[in-house]
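J.: Put together the whole structure using the sequences plus the hints.
There are 2 protein chains.
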Amino acid sequence: MKRHVTVKTLAEQLNISIATVSKALSDSHEISAETKQRVNDLARMLNYERNPAASNLRSHRTRTIAVIIPEVANNFFSLAIKGIEEIARQHNFHVLIYQTHENSEAEIAFTNSLVSGRVDGILISVTRSTGNLAHFQSLIRQIPVVFFDRSIEIPDAFSITTDDYESAFEATRHLAENGCSRIAFLQGLDQLATGQRRLKGYRDALDQANLVQPQPLVLSGTDDPRQLLQAVAGFIKDKQPDGILSSIEEFVVPCYYACRELNIDMPGQLKLVSFSNLQTAALLKPALSTITQPAFEMGRLAAACLFRILNNKEVDPCELPLLRSELIERESSGISGI
Amino acid sequence: MKRHVTVKTLAEQLNISIATVSKALSDSHEISAETKQRVNDLARMLNYERNPAASNLRSHRTRTIAVIIPEVANNFFSLAIKGIEEIARQHNFHVLIYQTHENSEAEIAFTNSLVSGRVDGILISVTRSTGNLAHFQSLIRQIPVVFFDRSIEIPDAFSITTDDYESAFEATRHLAENGCSRIAFLQGLDQLATGQRRLKGYRDALDQANLVQPQPLVLSGTDDPRQLLQAVAGFIKDKQPDGILSSIEEFVVPCYYACRELNIDMPGQLKLVSFSNLQTAALLKPALSTITQPAFEMGRLAAACLFRILNNKEVDPCELPLLRSELIERESSGISGI
Chain A
1 MKRHVTVKTL
11 AEQLNISIAT
21 VSKALSDSHE
31 ISAETKQRVN
41 DLARMLNYER
51 NPAASNLRSH
61 RTRTIAVIIP
71 EVANNFFSLA
81 IKGIEEIARQ
91 HNFHVLIYQT
101 HENSEAEIAF
111 TNSLVSGRVD
121 GILISVTRST
131 GNLAHFQSLI
141 RQIPVVFFDR
151 SIEIPDAFSI
161 TTDDYESAFE
171 ATRHLAENGC
181 SRIAFLQGLD
191 QLATGQRRLK
201 GYRDALDQAN
211 LVQPQPLVLS
221 GTDDPRQLLQ
231 AVAGFIKDKQ
241 PDGILSSIEE
251 FVVPCYYACR
261 ELNIDMPGQL
271 KLVSFSNLQT
281 AALLKPALST
291 ITQPAFEMGR
301 LAAACLFRIL
311 NNKEVDPCEL
321 PLLRSELIER
331 ESSGISGI
Chain B
1 MKRHVTVKTL
11 AEQLNISIAT
21 VSKALSDSHE
31 ISAETKQRVN
41 DLARMLNYER
51 NPAASNLRSH
61 RTRTIAVIIP
71 EVANNFFSLA
81 IKGIEEIARQ
91 HNFHVLIYQT
101 HENSEAEIAF
111 TNSLVSGRVD
121 GILISVTRST
131 GNLAHFQSLI
141 RQIPVVFFDR
151 SIEIPDAFSI
161 TTDDYESAFE
171 ATRHLAENGC
181 SRIAFLQGLD
191 QLATGQRRLK
201 GYRDALDQAN
211 LVQPQPLVLS
221 GTDDPRQLLQ
231 AVAGFIKDKQ
241 PDGILSSIEE
251 FVVPCYYACR
261 ELNIDMPGQL
271 KLVSFSNLQT
281 AALLKPALST
291 ITQPAFEMGR
301 LAAACLFRIL
311 NNKEVDPCEL
321 PLLRSELIER
331 ESSGISGI
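Protein chains in written order, with the working numbering: chain A, 1 to 338; chain B, 1 to 338.
For the record, the hints were derived by calculation from the structure and aren't laboratory data. Take the hints with a grain of salt, since some may be wrong.
Since the list gives no way to pick one copy over another, a pair counts as held whenever it fits inside one copy or between any two copies.
[As the list claims (entries may be wrong)] With a cut-off of at most 30 Å between alpha-carbon atoms, the simulated DSS-like pairs for lysine-lysine come out as follows:
hint: 1; residue 1: Lys82; residue 2: Lys239
hint: 2; residue 1: Lys239; residue 2: Lys285
hint: 3; residue 1: Lys8; residue 2: Lys36
hint: 4; residue 1: Lys285; residue 2: Lys237
hint: 5; residue 1: Lys313; residue 2: Lys237
hint: 6; residue 1: Lys8; residue 2: Lys285
hint: 7; residue 1: Lys82; residue 2: Lys285
hint: 8; residue 1: Lys36; residue 2: Lys237
T.: Here it is, written out as structure tokens:
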């Protein structure tokens, strides 16, 4: 049987990414004339057809996609998985879930084991320590990959992300407006673009409010979750912030316990906002102010993007939407409770 | 290459379960003399060796086990997965996670797709509506399977469970001792042995405390989580319980919201204890009293049991330990807070 020609075929033969092929075929201004020529020549030579019928899905061998995430015990990721599964069900695909537990070596081992034909595509939110771009550059040439939330800086990767910069900026300004002058940032994603965007939003808001401190009030995450409480309590005791913006949900429980341990009144002495999809946020004492990401919608969109690629439809990485998060102000940042 | 003879080989050829073969080989009193004879005869004929070296693990094709659970967005299951992964890592195996979302048809479809050689073994906590025992009876003859927490009533299945009856009994007695006289039970696992054991513990404690009501105060779960809040609020309004024992974590958030909606003071007018591994239980307003299952340990034990089977070591289903849960009394059931 003659092999069906897909964007993946073209990408493999030209040793460029699927995204670059897509962009070249849709005449994107980002792609050089030379590359467009090479892609279009090969497409003609191999009789590549755009937008073939959905029946091409039949050619997928495994009818399975993999979702690689740091943790299922995180409300953002479990909601995103639900969105992914909804789309996968519509296409009659199975979803396999892999946890990396923030271990980038496990991540590389998983993805390597997957390209051998175990799944048709991969959705991934990378570990906080992922630095190996070469690995991912190679991966996206071998199998369709869509990044969501925690993406990496490869220009032609498909990524679905939220407005990290704007949300962090807005939350920091909210803390400043509610009287905080020593606002700290708890950083969990130091090495990732996602974390850098959140940090920049925080810094720019401090700058605008004239609240930049001589010594930055930034705590980096720790790899061992058992050490988080100790790290957070030590940081609060030492730096005495009166406001905290936490960039990941994992800091929330340690922050609450640290305040109890140090006998600090929240929100009286310390106000808190966290990126979080915690289901119990409104039920905590005090109710937690959150930056709530549209996790379910993000999973749906990332999966829809992957299935477009699997269906050989054109996807322009630059036209993927940036989703908006919502700042929900509650008691922990000084809003009166019920 | 000659195929290595395992308990699975024996089970397949005799059309009995792996557990029965294990028990027959270890001369269990539960197995008839006739079956023991058949198993031992075949074992001799095929040169079956007990306790072969660990190098037999090499014969496993996929080095992958599947975990099939209702939801990852449940702290019990996400902790259990961590325990499973810890053991799998020691054996250098991958773990695939499947969610059934309480859909027993999805469960059957998943398990059917797995027996074709995609994984070496399965750990499963069944859906709340699982009633198809014939399917599982067939499954456990085809591939090593260990049930955890939510098991089914097949006598020779491998199951790791907790003391459901005792925990429910103790929690109900705790509510009675704290002054509750109309104690309700929120049932999420109606059709499962797990749920029946919890219900029986609740009923026996009511009986002992002379608190049995003419009309049972039992609410059955609903398949649609969006309807849970409405169902719980309607139940509380209608039945006016002054104590609630919830058999699954999914009822916790609806209970808190229902009390706020109905302007019911918890714990003043209504006390609550729930089976739950919620990480924020102690931080809620009021702090939640829980029956906390040893989820991580349960995952570890279930996985260890599966690897013993994969390693052709004898495992007696009747000697698997019953794990103990812990009743943690907090404000929601009337204990003074901090």
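J.: Each hint: holds or not?
T.: Now for the hints, and whether the structure bears them out:
no.: 1; hint: Lys82 x Lys239; result: neither (39 Å within a copy, 34 Å between copies)
no.: 2; hint: Lys239 x Lys285; result: both (24 Å within a copy, 28 Å between copies)
no.: 3; hint: Lys8 x Lys36; result: within (15 Å within a copy, 56 Å between copies)
no.: 4; hint: Lys285 x Lys237; result: both (21 Å within a copy, 25 Å between copies)
no.: 5; hint: Lys313 x Lys237; result: neither (54 Å within a copy, 53 Å between copies)
no.: 6; hint: Lys8 x Lys285; result: neither (52 Å within a copy, 53 Å between copies)
no.: 7; hint: Lys82 x Lys285; result: both (28 Å within a copy, 28 Å between copies)
no.: 8; hint: Lys36 x Lys237; result: neither (58 Å within a copy, 67 Å between copies)
Going down the numbered hints, you'll see the structure goes against 1, 5, 6, 8, while the others check out.
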